[in-house]
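J.: Which chain is which? The protein sequence lines are A and B, in order. When the letters of the first sequence are read in order and numbered with the numbering used here, they come out as residues 1 to 112. When the letters of the second sequence are read in order and numbered with the numbering used here, they come out as residues 1 to 110.
Hints are not guaranteed to be accurate.
Derived BS3-like pairs: lysine-lysine, alpha-carbon spacing no greater than 25 Å straight-line [claimed, not checked]: (1) A:K41 to B:K60; (2) A:K70 to A:K18; (3) B:K102 to A:K41; (4) A:K9 to B:K102.
Everything labelled a hint here was simulated from the structure, so no lab data went into it. None of these values were measured; they are calculated from a predicted model.
Listed here are the chains, written in short residue letters.
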Amino acid sequence: GGIITQTPKFLIGQEGQKLTLKCQQNFNHDTMYWYRQDSGKGLRLIYYSITENDLQKGDLSEGYDASREKKSSFSLTVTSAQKNEMAVFLCASSHWGYAEQFFGPGTRLTVL
Amino acid sequence: GDQVEQSPSALSLHEGTGSALRCNFTTTMRAVQWFQQNSRGSLINLFYLASGTKENGRLKSTFNSKESYSTLHIRDAQLEDSGTYFCAAERDTGYQNFYFGKGTSLTVIP
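Whenever a hint applies, use it, and build me the whole structure from the sequences.
T.: Laid out in structure tokens, this is it:
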């Protein structure tokens, strides 16, 4: 078994601020993902990475940057926080070639 | 448009009864995953299918790639089954890019 941790659990920022969310996994999975979930809605893919230093854009990548520093960690940066992007950000990981995803507990973003 | 259409959007079941949730896909998908999201927001893996049917306890899921749908059957519903259920489907092109349905909010009534 393994675990995915996300930090921080709650993130409060000011409009226009640059904010970074972090994700770590110890599954030794190749692929990692960042999703955004707006209140009462499904998940939308922001970025994913199939290996260290790889980045692939999802449907919602505008306004975000990501970094896969090493196999076990994947960071997401909100480049300029906006009030309409208050949401929960969920990190996930999966093996290459077998795409069952496992999710972290999420980071709840509030923009003041 | 949406790649994954999930229905119903909300469902109430009395304890001990059952029902089916469904996801229809507008394009060819190679795999589907079902999750339960609990009250704390955690996503719990239920099933991952590339084809056919899987069963686990009171839950059963089927994925038919050719006819572009997947179902999740719940039988003998219990209070702890309440939550939001999501399907996520992986497109047959591209790489491990999942599309989520909008979810089914299930309430189990005593």
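J.: Compare the structure with each hint and give your call.
T.: Consistency of the hints with the structure:
1. A:K41 to B:K60: Satisfied, since the Cα-Cα distance of roughly 24 Å is no more than 25 Å.
2. A:K70 to A:K18: holds (22 Å)
3. B:K102 to A:K41: Holds, at about 5 Å.
4. A:K9 to B:K102: Status holds; Cα separation ~23 Å.
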